[in-house]
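Colleague: If you want the building blocks of each chain, they are given just below.
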Amino acid sequence: MKRILCLTFAKPCDIEPLAQWCMRFSPSVGIESAPPAASLLLDITGVAHLFGGEAGLVETILRELAAKRFRVQAAVADTIGAAWGVAHFSRAEGGAAGCQLSVVSCQLQRTADPPTRSAGTPRCPDGPRTLHPSSFLLVPAGQTLPALRPLPVEALRLPRAVAVLLRELGIRRIEQLEALPRRELPPRFGPELLEHWDRAVGRLDEPLPLYRPGLRFAAGWSPEVPLARREAIEAGLAKLASRLSEMLCRAGRGAVQLECRLECTAGDPLEVSVGLFHPTAWAAHLVQLLAVRLERLRIAGPVRHVRLAAPATAPLQPRPQELFSEGLPRRRLRDLAGLVDRLSNRLGQHAVVRVRLVPDAQPEMAYRYVPLVKCRRLGGAKCVPLLRRSSAFHKFSTACSKQWHTTAAQRPLRLLTTPLLLPSGLPLPLWFFGHAHRIAKTWGPERIETGWWRGQAGTIGHQREALVGMVRRDYYRVETSTGCRFWIFRDLRDGRWFLHGVFD
Amino acid sequence: MISQTQSVRIEALRQEIARLERGWRPRKAQATSSGCRTLDAILPEGGFRGGTLVEWLADGDGTGVATLAFAAACRACRSGGGLIVVDQNREFYPPAAIGLGIEPAQLIVVHPQNKADHDWALDQSLRWAAVAAVVAWPDAQGGTLAGRTFRRLQLAAEEGGGLGLLIRPATARSLPSWADVRLLVEPLRDPRPSSLVPASLVPGAPSHHGRRQRWQGLLLRCRGISAGLSCILEIDDETHPVLDLR
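Note that the protein sequences, when read in sequence, are chains S and H. Per this note's numbering, the first sequence runs over residues 1 to 504. Per this note's numbering, the second sequence runs over residues 1 to 246.
Don't take each hint at face value.
Some chain H residues flagged as far from chain S (calculated, every beta-carbon gap over 10 Å) [claimed, not checked]: (1) 5; (2) 98; (3) 221.
Quick list of the computed label-pair ranges, beta carbon to beta carbon [said to hold, decoys possible]: (4) 417(S) <-> 116(H): 14 to 24 Å; (5) 234(H) <-> 494(S): 35 to 45 Å; (6) 17(H) <-> 242(S): 50 to 60 Å; (7) 12(S) <-> 116(H): 42 to 52 Å; (8) 44(H) <-> 228(S): 55 to 65 Å.
Read the hints as simulated data drawn from the structure, not as lab findings. Even for Gly, the Cβ is constructed at its ideal location relative to N, Cα and C.
Full structure from sequences and hints, please.
Modeller: Right, dumping it as structure tokens:
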């Protein structure tokens with residue numbers, strides 16, 4: 001038999017620190033995010049006797065929360081659904097409703113003792129006001145159904161549409177719902193109603209939505225006096241980065257994305273996001289990356305809060321050390337990660353790329369640039385070592401490059417982004433780059449023709465030349481009288497000549 | 001008439017000058033082949049030494065100077081490490097470089113937006129120890145390489161230990177240089193007659209018209225030896241795109 005304690009808070013608050021705090025009472029703490037506000041669920045099966053029974057346990061929790069100025073409604077029941085429903089609705093639906101039931105014992109807890117201040121524990125945001133009493137209800141084991149009957153249908157955590165429909169039909173209480181034929185419910189109100197109902201009364205098992213602490217890596221800092229000087233902000237960031245790095249190291253993870261948020265006394269908060277090439281937990285590196293970005297930011301006013309977070313992380317990759325290293329320190333590709341991070345951080349992710357060969361006849365389509373640092377989505381980021389030698393991509397590239405070895409000299413190192421239209425046809429001197437070039441020698445033609453399925457999009461030389469489109473070209477390598485070499489082609493569709501590449 | 005003791009002394013002094021001129025060098029850096037046997041023969045250490053800058057000067061377009069620079073970069077990358085190409089013009093064509101023997105996995109292309117970013121990226125890349133070589137066109141888009149920046153790049157290369165290959169126009173010849181080696185390259189015309197029949201369209205098919213490309217290389221400056229030496233550089237596409245495989 002399970003026993004679940006549900007804690008609901010009178011005012012919306014940051015629930016995660018509270019969940020972490022509640023772990024001192026039970027190892028399994030969950031967060032139920034159903035509206036109106038998030039509440040905590042504690043599995044207290046087998047732990048209540050340590051605190052003098054269920055009542056003793058709940059009293060202890062409520063007293064300590066009251067000391068932190070939280071006003072709480074609590075309920076203990078056999079199922080998550082029942083505990084949640086009783087905690088939320090047995091008061092709201094007329095104070096007497098819960099007490100009239102003989103199965104529900106109700107006590108009112110007043111906080112007489114002054115609040116004890118202790119550092120590092122969550123505190124209620126509404127400050128030193130008059131304390132409201134917290135209360136709790138215990139539903140004895142096996143008495144779930146009688147406790148639920150007088151509650152409104154919303155106590156079943158129903159979707160809003162279903163609850164509204166039930167209300168419109170005059171079904172306000174769970175006992176009215178119970179009277180309806182069970183078989184009729186799913187076709188009329190959807191499958192959720194019966195599911196929630198069965199879960200609340202314990203016919204269906206419901207797993208606790210467990211809270212897992214430590215998967216969030218974030219550190220915040222509010223200086224006593226808002227910071228106006230850049231050095232001071234950077235010093236603060238360095239402090240936060242070392243805290244973050246400590247957290248990451250402890251979890252054996254490295255940041256793949258880094259977010260920094262500066263809240264200023266004036267203007268909108270500034271947010272900076274940095275993507276990383278390899279997961280890292282090295283504080284100095286993180287600070288360097290942020291410093292490069294902050295250099296270029298205009299900060300509207302003194303900074304009153306700095307927050308540093310690593311929303312995406314990946315396991316740190318161990319780096320084997322060589323026991324006997326002789327002579328030259330071996331350069332390894334993965335050691336480039338730091339450089340890639342730095343460059344991408346300042347120049348943009350799309351400005352630092354690797355090359356991927358594509359099997360395509362059209363020269364400008366024969367390769368593709370792939371950013372080394374990818375824009376990763378928050379959470380669930382998977383880090384793939386990008387410069388991995390054994391990847392399929394690499395195999396393909398190697399195969400391609402072998403083929404390229406034989407054709408390389410036919411390709412120029414400089415390819416014009418848009419082919420340059422040559423006004424005069426061959427064999428007249430060609431005018432380009434401000435000089436007349438007399439052709440002394442040619443090699444070719446090399447015919448490059450792409451498939452009809454590419455369509456007829458765009459013609460060369462027009463302002464908006466579409467790359468994708470069928471091409472039919474005869475390429476020639478030409479050598480001028482001065483020994484310079486160029487790559488020109490004749491468009492077979494209209495016979496015009498273009499300069500496409502320069503053998504630099 | 002110079003006596004034997006005098007000639008020994010002169011030789012010792014010459015070596016002393018060469019030693020002084022060599023200045024500080026990364027101790028562990030070794031010279032890598034320039035990719036061209038004739039050039040290696042006149043370079044004092046038989047190639048380009050890591051941690052230095054090499055300037056390739058050529059007049060005009062289509063001279064093939066970048067081909068030579070990439071051949072040297074390819075040799076420098078053999079020991080592992082990355083090759084960074086800083087390409088502000090966005091006209092670099094990677095398949096051609098891969099064809100010259102560069103490993104695609106080792107190649108990283110950087111596209112800076114402006115001159116300041118370009119110089120910064122170049123500096124950072126040279127400074128990074130895992131980078132074997134950096135190729136850049138520092139005078140791209142009408143800018144010039146300022147003396148101060150040049151000195152910074154040289155210091156960065158010394159720190160990182162990689163080879164910096166700067167491709168510049170011949171007009172930069174009159175400007176001061178911090179490069180270890182400065183080479184002026186001029187293409188030479190192929191003396192053989194033009195191919196009257198179209199060359200083979202099938203890649204790799206044997207052809208009796210070897211696509212040889214030759215350059216006249218003039219060593220404008222090189223630490224440790226007197227300048228003014230010249231050599232003929234040659235590439236034969238048909239046998240192998242990489243020059244003079246040893």
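Colleague: State for each hint whether it applies.
Modeller: Right, here's what the structure says about each hint:
no., hint, result
1, 5, "holds, 39 Å"
2, 98, "violated, 5 Å"
3, 221, "holds, 22 Å"
4, 417(S) <-> 116(H): 14 to 24 Å, "holds, 23 Å"
5, 234(H) <-> 494(S): 35 to 45 Å, "holds, 39 Å"
6, 17(H) <-> 242(S): 50 to 60 Å, "holds, 51 Å"
7, 12(S) <-> 116(H): 42 to 52 Å, "holds, 48 Å"
8, 44(H) <-> 228(S): 55 to 65 Å, "holds, 56 Å"
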